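Each chain, written out:
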Amino acid sequence: MKALVFLEHHQGALQRDSLGVLGLAARLGATDAVLAGEGVRDLAAEAAAHGAATVLVTEDAAFAAPLPQPRVELIAKLVEECGYDSVVLANTVLSADVAAGLAARLEAGLNWDLTGLRLDGDELVGERPALQDSVLVDVGWSGTPRIALIRTGSCEPKRRDGESAVENVAVELPEHALAARMVEQAHAKAEGPKLEEADVIVAGGRGLGTAEGFELCEELAAALGGAVAATRAVVDAGWYAYSAQVGQTGKTVAPKLYIAAGISGAIQHKVGMQGSGTIVAINRDRHAPIFEFCDLGVVGDVQDVLPRLTELVRQRRNGG
Amino acid sequence: MKIAICVKAVPEAAAPRRIDPQSKRLDRSGELTLNPFDVYAVEEGLRQRHAAGGGEVVVVSMGPERAAEALRRALALGADRAVLVSDDALAGSDILATSRVLAKALEREQPDLILLGQQGEESVGAVLWAALAERLRLPCVSQAAELTIAGGMATVERQTEFGYDTIGAPLPAVIAVSDAINQPRYPSLKGIMAAKSKPLERLTLAELGLDANEVGEAGSRTTVRALGEPSKRGGARIVEDGDGVRAILDFLVERSLV
Ligand SMILES: Cc1cc2nc3c(=O)[nH]c(=O)nc-3n(C[C@H](O)[C@H](O)[C@H](O)COP(=O)(O)OP(=O)(O)OC[C@H]3O[C@@H](n4cnc5c(N)ncnc54)[C@H](O)[C@@H]3O)c2cc1C
Ligand SMILES: Nc1ncnc2c1ncn2[C@@H]1O[C@H](COP(=O)(O)O)[C@@H](O)[C@H]1O
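Protein sequences, first through last, are from chains A and B. Quick note on numbering: the first sequence equals residues 1 to 320 in the numbering used here. Quick note on numbering: the second sequence equals residues 1 to 258 in the numbering used here.
Do not take every clue at face value.
Only some residues are given here: those of chain A computed to face chain B with a beta carbon under 8 Å [unchecked claim]: (1) R41; (2) A45; (3) E46; (4) F63; (5) C82; (6) R105; (7) L131; (8) L312.
No lab work stands behind these hints, which were simulated from the structure alone. What you are looking at is a predicted structure, and each value in this text was computed from that prediction instead of being measured. Every residue, glycine too, gets a C-beta built ideally from N, C-alpha and C.
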């Protein structure tokens, strides 16, 4: 395998998942890494320490914003000129779009949401959990190049020794690749509590009905001495603070107790809370995916269950 | 403004999901409905048509003839027209083949704005839009939680791992919307009646100038090699009847969590 790993970075640091993926690919064969942006050359050493044989660096203002289309052009050129047979990326918002654009551009197979990669002789095999993670499917590619997106959180970065080289690369960008522009990058919306440290989290989703519905979670959280979390659906809708979001593009938490109220249990939410000690779910839909990975599930209406549960918890705490 | 919306017909949510051991693909033999995530794209298309003071909303889908019902639902919500690309050769298409077919169908339409949903209900973290945009050589923005169109520009607010980005793109553009971008309407009785007489065009591969070996499994570059054993779960306890609230408290007490 001759692989190329795309490295993402933010505020002067390489992204953890990119480094994890780099280690994964390097264990399977010769692996180079590509790094693009403005002022990114200093990150090359860190990439080298995580398994890249050669770090290909593009210093170009056109790559300053984390937008996918210029990166499709760059990686396509590297694959065509250097003959990489595989491109491996972490399954983030940016990299997923890079990978899919690249697939169309190179007419290359793309498998996403993989939790593992292995070689079977010459053939690359991807491991993908399917049907709400209930079945593990082995997927493959016909022909090369092969593009693989690895689910975030599935591989830990590991430092290793070894020699590596840094090379400069450049690419000409066509008009459509430069058309989208970053107006304002990574502005967060409002600050909030420290979720990562809470022992108990009461998380609310769209099933709460309205922003005001979150009071039900806040009251239960107060009774249990915990914090409140939310899904992307309600954060995007402005019901709750982004700082309280759990999941792929939010926080990863592992409290002793996670109560999910009116949350369907999408994979992108699950990856942020599956390490919780005990998961209790309240949902009125018996078929909600969250019931597949909770410890206790109650089929019911949050408007009814949450206030009564808060009351029972309070009574017990008061020695009742 | 002309808006095209890519929508997909998916198995009904309540239907048990299984992978067909023969084809190793999701069993899609049951009833199909409009992908719930695509309802947000349809709603956004209708709102943008309204904001632009008029125009046309056309829904475009690749799928079996049974997908027509899902398209009728989009028409009942208010789309003007539907296009269904249907052909036996399409079965087993991966993202490469699907994007090839949809790109051809969209080239015929020449829309100002192309919308997609966040994901297929049965798939995870999909990325079709980026492949489609690459084939059409158009700018692409995904995960849109807010979309404003003004002066030939689309401005998107979207969430990534690091916070919210504001991204601008000139039209025509491909935009994939998140499931928080709006609150979709329900179809009205009038809408359902009107949908019956709205145009639903069927297209074959030949009409798109595509060959059978460019689509389906032949036109795909990914394979399913093996199915693992279904994982044995810890076995969640699900309380459907009786006092769920009491059950939670007892459970928390049992595990010393309260
Ligand atoms: C790239 C990407 C990144 C993402 N990152 C994240 C992330 O970081 N975090 C995240 O959470 N999501 C993330 N998502 C979104 C994710 O896919 C889901 O859309 C989201 O988690 C759904 O949120 P929800 O469960 O609140 O809403 P829904 O999926 O709409 O679920 C609401 C649930 O509430 C139930 N319900 C409704 N009314 C009631 C009631 N009265 N009583 C009880 N139950 C009720 C319904 O049955 C339903 O199951 C991401 C998606 C993508 C594509
Ligand atoms: N067969 C299809 N026909 C039309 N649009 C589709 C099709 N498959 C996927 N899409 C669109 O692509 C988005 C992502 O779907 P998926 O790739 O299935 O997760 C959906 O929300 C739809 O907007």
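Against the structure, the hints:
1. R41: 21 Å, violated
2. A45: Given a least distance of 23 Å, the restraint on A45 of chain A is violated.
3. E46: Interface hint status for E46 of chain A: violated (18 Å vs cutoff 8 Å).
4. F63: With Cβ-Cβ at 15 Å, over 8 Å, it is violated.
5. C82: 20 Å, violated
6. R105: Holds. Min distance 5 Å.
7. L131: 5 Å, holds
8. L312: 5 Å, holds
The earlier numbered hints that this structure contradicts are 1, 2, 3, 4 and 5.
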